[in-house]
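The chain contents come next:
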Amino acid sequence: MKRLSLWAILAAVTSVGLAAPAFAGTTFDAVKARGSLNCGVHTGLAGFGAPDDKGEWAGLDVDVCRAVASAMFGDAKKVKYVPLTTQQRFTALQSGEIDMLSRNTTVTSQRDTELGMNFGPFNFYDGQGFLISKKLAKVKSAKDLKGATICVLPGTTTELNLTDYFRANKMNFKPVVIEKQDELAAAFFAGRCDAITSDSSQLASIRSAQAPKPEDYILLPELISKEPFAPAVRHGDDQWFDLVKWSVYAMMEAEEKGVTSANIDSLKGGSDPTIKRLLGETPGLGKALGVNEDWAYQIVKQVGNYGESFDRNVGANSKLKLPRGLNALWNQGGLMYAPPVR
Amino acid sequence: MSQPAPKTPWWNDRANRAILYQVAVVGLVVLAGWYLISNTLANLAARNIATGFGFLVREAGFAIGESPIAFDPADSYAKAILVGLLNTIVVAVLGVILSTLIGTIVGVARLSGNWLVSRLATVYVETMRNIPVLLQLLFWYALITEGLPEPGDAFKPIEGVFLSNRGLKFPTPDWSGLEWLVLAALALGVILAFLLSRWARLRQAATGQTFPSIRIGLALTLALPLLCWLLIGAPTAFDRPQLDGFDFSGGHSVSPEFVALLTGLTLYTASFIAEIVRSGILAVAPGQTEAALALGLKRGQVLRLVVMPQALRVIIPPLTSQYLNLTKNSSLAVAIGYPDLVSVSNTTINQTGQAIEGVAILMAVYLIVSLAISAFMNWYDKKTALVGR
Numbered sequence: 001m002k003r004l005s006l007w008a009i010l011a012a013v014t015s016v017g018l019a020a021p022a023f024a025g026t027t028f029d030a031v032k033a034r035g036s037l038n039c040g041v042h043t044g045l046a047g048f049g050a051p052d053d054k055g056e057w058a059g060l061d062v063d064v065c066r067a068v069a070s071a072m073f074g075d076a077k078k079v080k081y082v083p084l085t086t087q088q089r090f091t092a093l094q095s096g097e098i099d100m101l102s103r104n105t106t107v108t109s110q111r112d113t114e115l116g117m118n119f120g121p122f123n124f125y126d127g128q129g130f131l132i133s134k135k136l137a138k139v140k141s142a143k144d145l146k147g148a149t150i151c152v153l154p155g156t157t158t159e160l161n162l163t164d165y166f167r168a169n170k171m172n173f174k175p176v177v178i179e180k181q182d183e184l185a186a187a188f189f190a191g192r193c194d195a196i197t198s199d200s201s202q203l204a205s206i207r208s209a210q211a212p213k214p215e216d217y218i219l220l221p222e223l224i225s226k227e228p229f230a231p232a233v234r235h236g237d238d239q240w241f242d243l244v245k246w247s248v249y250a251m252m253e254a255e256e257k258g259v260t261s262a263n264i265d266s267l268k269g270g271s272d273p274t275i276k277r278l279l280g281e282t283p284g285l286g287k288a289l290g291v292n293e294d295w296a297y298q299i300v301k302q303v304g305n306y307g308e309s310f311d312r313n314v315g316a317n318s319k320l321k322l323p324r325g326l327n328a329l330w331n332q333g334g335l336m337y338a339p340p341v342r
Numbered sequence: 001m002s003q004p005a006p007k008t009p010w011w012n013d014r015a016n017r018a019i020l021y022q023v024a025v026v027g028l029v030v031l032a033g034w035y036l037i038s039n040t041l042a043n044l045a046a047r048n049i050a051t052g053f054g055f056l057v058r059e060a061g062f063a064i065g066e067s068p069i070a071f072d073p074a075d076s077y078a079k080a081i082l083v084g085l086l087n088t089i090v091v092a093v094l095g096v097i098l099s100t101l102i103g104t105i106v107g108v109a110r111l112s113g114n115w116l117v118s119r120l121a122t123v124y125v126e127t128m129r130n131i132p133v134l135l136q137l138l139f140w141y142a143l144i145t146e147g148l149p150e151p152g153d154a155f156k157p158i159e160g161v162f163l164s165n166r167g168l169k170f171p172t173p174d175w176s177g178l179e180w181l182v183l184a185a186l187a188l189g190v191i192l193a194f195l196l197s198r199w200a201r202l203r204q205a206a207t208g209q210t211f212p213s214i215r216i217g218l219a220l221t222l223a224l225p226l227l228c229w230l231l232i233g234a235p236t237a238f239d240r241p242q243l244d245g246f247d248f249s250g251g252h253s254v255s256p257e258f259v260a261l262l263t264g265l266t267l268y269t270a271s272f273i274a275e276i277v278r279s280g281i282l283a284v285a286p287g288q289t290e291a292a293l294a295l296g297l298k299r300g301q302v303l304r305l306v307v308m309p310q311a312l313r314v315i316i317p318p319l320t321s322q323y324l325n326l327t328k329n330s331s332l333a334v335a336i337g338y339p340d341l342v343s344v345s346n347t348t349i350n351q352t353g354q355a356i357e358g359v360a361i362l363m364a365v366y367l368i369v370s371l372a373i374s375a376f377m378n379w380y381d382k383k384t385a386l387v388g389r
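Note that the protein sequences, when read in sequence, are chains A and B. The first sequence: position 40 = 40 (the numbering used here), numbered continuously. The second sequence: position 53 = 53 (the numbering used here), numbered continuously.
No wet-lab data here; the hints were simulated from the structure. Even for Gly, the Cβ is constructed at its ideal location relative to N, Cα and C. Please note that a few of the clues may not be correct.
Cβ pair distances, simulated, as ranges [unchecked claim]:
{"#": "1", "chain 1": "B", "residue 1": "48", "chain 2": "A", "residue 2": "282", "range": "34 to 44 Å"}
{"#": "2", "chain 1": "B", "residue 1": "132", "chain 2": "A", "residue 2": "53", "range": "21 to 31 Å"}
{"#": "3", "chain 1": "A", "residue 1": "33", "chain 2": "B", "residue 2": "374", "range": "40 to 50 Å"}
{"#": "4", "chain 1": "A", "residue 1": "258", "chain 2": "B", "residue 2": "32", "range": "54 to 64 Å"}
Derived EDC-like pairs: lysine to aspartate or glutamate, alpha-carbon spacing no greater than 16 Å straight-line [to be verified]:
{"#": "5", "chain 1": "A", "residue 1": "138", "chain 2": "B", "residue 2": "247"}
{"#": "6", "chain 1": "A", "residue 1": "174", "chain 2": "B", "residue 2": "247"}
{"#": "7", "chain 1": "A", "residue 1": "146", "chain 2": "A", "residue 2": "75"}
{"#": "8", "chain 1": "A", "residue 1": "140", "chain 2": "A", "residue 2": "222"}
{"#": "9", "chain 1": "A", "residue 1": "135", "chain 2": "B", "residue 2": "247"}
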């Protein structure tokens, strides 16, 4: 809602002005002293960040928050979730309202530089697609959308890609921009727009969660952009950036080594040196990161490895049923590749 | 015996103290401002966040749904913000005019002797002003998008007019580029009618002779454009909306977002204006009405010549606040996707990351618009104030 986000911006502006001396280089210490992590997440996107039926936050992005909390505190529950719209997210991070942003945010050079953010490892590779009603039988491709009215979230890379795509193909369109995703989707399902565009994972999520009849809507075949998502932190605290980075890598490394939340305890006392390092049985990594030696063990035990998190939230065991595709491990045909955890 | 009064030390002197306090207060304000600005700049620099207004001339790269002037994604951020401002002004001006009309009618209706009319007006006021305006906007928007058919099955209340969930489409005259002549004639007619009524009023005040200025003025406003239309050859061509692919093309189109915003703001503000008008009328002593009636004036004349001029003095100051509220409330447009100033600025802020500059521009523009409205209303207030003779 507009009021809210304007307040968020104003609050951010004031806090940049007032609270600033507390930052430089001390996010890590501030989080440690507070005893909980302030994590910026989606206001409600099934599979990535949304409260489940018990009211607890769940999703692929939420799992990154939980992994960092596990590494830091040995407790995945020590997270305070701050739901943010696309328009609030960067200001919230810049101003220190949140410690990290894990909210299906596309990495771009401008965000990495001008916006003063550092991006961690990519935790989801996506591309922008179009969702249309099956009633538009003549539309077989995005190129048939000439003159269409298109629903899009404002202030996103999606909005810019959409404009670029139509400009490149010399087609015109009418945008309808509404800041809250569920209201935007509601306008689309009410027929206000001919198509809704977003990251294809997000469209799958919207379709399964909000469509009156999900089978009446189809995704057009084209993906018009690269949308790699990653968690982000502010510039200025490299130790904090390291912890976020390696928390995500540990999840990927665990999957690659076949370590899961179910079998991790039975692997204790084994002989594989990589697994011994992951379990904290060979000391050193935790100290280097500034956390307990069992940091990676806690992540896998409480959150699971990357594959478990994927299947539970967006993959085979979820409502979205997205294929692994680009998000499979590198040795299984995907792009997920963690540097050695050693 | 009178002793010489003990000399007051300068710091105990009242005039000196007043100056001292003022200097201290101004100093504190300046210091606080300096602290905020320098601290903000230092922190932005420390975190490598870009600053400055250079982004305004860069290409915006996003499209805007509706605009009174042509806007292309290749235009600059500055132009995008201008489009947002124009959209805000369009909705604010129309909202102020419509809410004043509706508010005045409802306000007078609440005082009506007719039980049904006054009760209906009361129900309207109490309902509208007690529901948050954001909810009203969402309600109107949902009503339009959910309630109206898709473009293929659009309602056709009149030939050439289409009402669908894509908005209202209506034909516009297509008179080989000469439409503006007729419009100019209409404007001329309105100006002439206004001057005529002024002259008639002055003459009546001086000589007591009446002049049917309303009837003649109305005739002028209608006859001039008609004459002009005949002169350019009485064209009848229209640019009609036609279903073309996804939506209608041709003619003029009013979007559902605009209609929802205008309806919501107008009905909400009108309920407050109704109460202001009612209080203004009640503030005029009943003796005035009785005296006017005793002089033989008709009911309508009593309201127009005696009650309203006095009521206006009470009405205008709070009315100004309502106009300002309406203009500022138009920023709720973002919730329903009307591309107003806040919506476009928010997108700009998000694309460039320059929140402080973006919010500064927003605040400055709203301040300027609000002060302009205030200045106009203060001028009008002075004009209607009691003139000592």
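With 54 to 64 Å as the target window, see if residue 258 of chain A and residue 32 of chain B comply at their CB atoms.
60 Å Cβ-Cβ, so the 54 to 64 Å window holds.
For a C-alpha distance cap of 16 Å, please report whether residue 135 of chain A and residue 247 of chain B respect it.
It holds: about 15 Å lies between the C-alpha atoms, which stays within 16 Å.
Do the beta carbons of residue 132 of chain B and residue 53 of chain A sit within 21 to 31 Å of each other?
This hint holds: roughly 29 Å between Cβ atoms.
Are residue 146 of chain A and residue 75 of chain A close enough, with their CA atoms no more than 16 Å apart?
Judged against 16 Å, a Cα distance of about 51 Å means the pair is violated.
For a C-alpha distance cap of 16 Å, please report whether residue 140 of chain A and residue 222 of chain A respect it.
Holds: residue 140 of chain A and residue 222 of chain A sit about 10 Å apart, inside 16 Å.
Range hint 40 to 50 Å: satisfied by the CB atoms of residue 33 of chain A and residue 374 of chain B?
Once the Cβ atoms are compared, 48 Å apart, the range 40 to 50 Å for residue 374 of chain B and residue 33 of chain A holds.
State, for the Cβ atoms of residue 48 of chain B and residue 282 of chain A, whether the hinted interval 34 to 44 Å holds or is violated.
At 37 Å between Cβs, range holds.
Could you grab the alpha-carbon distance between residue 174 of chain A and residue 247 of chain B and see if it respects the 16 Å cut-off?
Holds. Residue 174 of chain A to residue 247 of chain B sits at ~10 Å (cutoff 16 Å).
16 Å Cα cutoff - pair residue 138 of chain A, residue 247 of chain B
holds (14 Å)
Violated hint for the displayed structure: number 7, the only one.
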